[in-house]
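Q: Its first residue numbered 1, the sequence shown is counted upward by one per residue in my numbering.
No lab work stands behind these hints: they were computed from the structure. Please note that the accuracy of each hint is not assured.
Claimed, not checked - Derived SDA-like pairs: lysine to any residue, alpha-carbon spacing no greater than 20 Å straight-line:
{"no.": "1", "residue 1": "Lys85", "residue 2": "Gly110"}
{"no.": "2", "residue 1": "Lys102", "residue 2": "Glu90"}
{"no.": "3", "residue 1": "Lys85", "residue 2": "Met47"}
{"no.": "4", "residue 1": "Lys85", "residue 2": "Phe41"}
{"no.": "5", "residue 1": "Lys85", "residue 2": "Trp72"}
{"no.": "6", "residue 1": "Lys102", "residue 2": "Gly166"}
{"no.": "7", "residue 1": "Lys85", "residue 2": "His43"}
{"no.": "8", "residue 1": "Lys102", "residue 2": "Thr33"}
{"no.": "9", "residue 1": "Lys102", "residue 2": "Leu169"}
{"no.": "10", "residue 1": "Lys85", "residue 2": "Thr33"}
{"no.": "11", "residue 1": "Lys102", "residue 2": "Ala118"}
{"no.": "12", "residue 1": "Lys85", "residue 2": "Ala118"}
{"no.": "13", "residue 1": "Lys102", "residue 2": "Pro48"}
{"no.": "14", "residue 1": "Lys85", "residue 2": "Ala125"}
{"no.": "15", "residue 1": "Lys102", "residue 2": "Arg171"}
{"no.": "16", "residue 1": "Lys102", "residue 2": "Gly49"}
{"no.": "17", "residue 1": "Lys102", "residue 2": "Ala121"}
{"no.": "18", "residue 1": "Lys85", "residue 2": "Leu45"}
Since the structure is predicted, the reported quantities are computational estimates derived from the model, not experimental observations.
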Amino acid sequence: RAEGRDAYDIAFDILQADVDQPNRAMVIIHAYTADQQALMFSHPLCMPGSDATTLAPDGPLANSVFHGAYTWASWYFHFMVHERKLLSAEDAVQRLTQLPAKRLGLADRGQLAQGYRADIAVFDAVRFQATATTFEPNQLARGMRHVVVNGVVTLRDASLTGSRGGQVLRRSH
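From just these sequences and the hints, can you work out the full model?
A: Following this line, the structure appears as structure tokens:
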């Protein structure tokens, strides 16, 4: 507006200027109010998810950024449990783990049980919240202590270990 130009023209100029590095440009749109989010997330069948892309702190994805990719689950947990007080910590974890695993047909995931994959996140429920900002998007969540993926420790004492246990997931039914 300050330039007296259409916002779309400005956005396209920014994208065109970085045509060789398309991951540098990021558009963040707040499509829903906090009240609308709380209403939707409160529905008993609602399971949170993210449209975040795959990221890594090193390797070919090291220079990729995406707002909230590392912290969307912590944002949801903090919003629903602490800010809005609409879910218990246990209910929020169930919606982040068991509900999506069941819905997506991942029979050996989503809960801690004999014969299930060891996907475990240990966090401080009081401190657990997003730390990413628009200008520093690739930040780990505050309060996340340990992460185990397929039995491989990938985060220990809030520090990445360099080990990776991830794999492609396939529907089991």
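Q: All hints are to be evaluated individually against the structure, with a verdict given for each.
A: Each hint tested on the structure:
1. With a C-alpha separation of about 23 Å, the suggested pair Lys85 and Gly110 falls outside the 20 Å cut-off, and the hint is violated.
2. For the proposed pair Lys102 and Glu90, the alpha carbon gap of about 17 Å is at most 20 Å, so the pair holds.
3. Straight-line distance between C-alpha atoms of Lys85 and Met47 comes to about 17 Å, which keeps the hinted pair within the 20 Å bound.
4. Taking the CA atoms of Lys85 and Phe41, the gap is about 12 Å. The hint holds against a cut of 20 Å.
5. For the given pair, Lys85 sits about 18 Å from Trp72 by alpha-carbon distance, which is consistent with the 20 Å threshold.
6. With a C-alpha separation of about 19 Å, the suggested pairing of Lys102 with Gly166 holds against the 20 Å cut-off.
7. Straight-line distance between C-alpha atoms of Lys85 and His43 comes to about 14 Å, which keeps the hinted pair within the 20 Å bound.
8. Under the criterion of a C-alpha separation no larger than 20 Å, the hint pairing Lys102 with Thr33 is inconsistent with the structure, at around 29 Å.
9. As the CA atoms of Lys102 and Leu169 are separated by approximately 13 Å, the hinted pair is consistent with the 20 Å bound.
10. As the CA atoms of Lys85 and Thr33 are separated by approximately 17 Å, the hinted pair is consistent with the 20 Å bound.
11. Proposed proximity of Lys102 and Ala118 is supported: the alpha carbons are some 16 Å apart, at most 20 Å.
12. Proposed proximity of Lys85 and Ala118 is contradicted: the alpha carbons are some 29 Å apart, above 20 Å.
13. Of the supplied pair hints, the one linking Lys102 and Pro48 holds, its CA atoms being roughly 13 Å apart against a limit of 20 Å.
14. Between Lys85 and Ala125 the CA atoms are separated by roughly 13 Å; this keeps the pair inside 20 Å, and the hint holds.
15. For the suggested pair Lys102 and Arg171, the alpha carbons sit about 10 Å apart, so the restraint of at most 20 Å is met.
16. With a CA separation close to 14 Å, the supplied pair Lys102 and Gly49 stays within the 20 Å bound.
17. Restraint check for Lys102 and Ala121: satisfied, since their Cα atoms lie roughly 18 Å apart, inside the 20 Å limit.
18. Between Lys85 and Leu45, the direct Cα distance comes to roughly 18 Å. Compliance with the 20 Å bound is thereby established for this hinted pair.
The structure shown violates the earlier hints numbered 1, 8 and 12.
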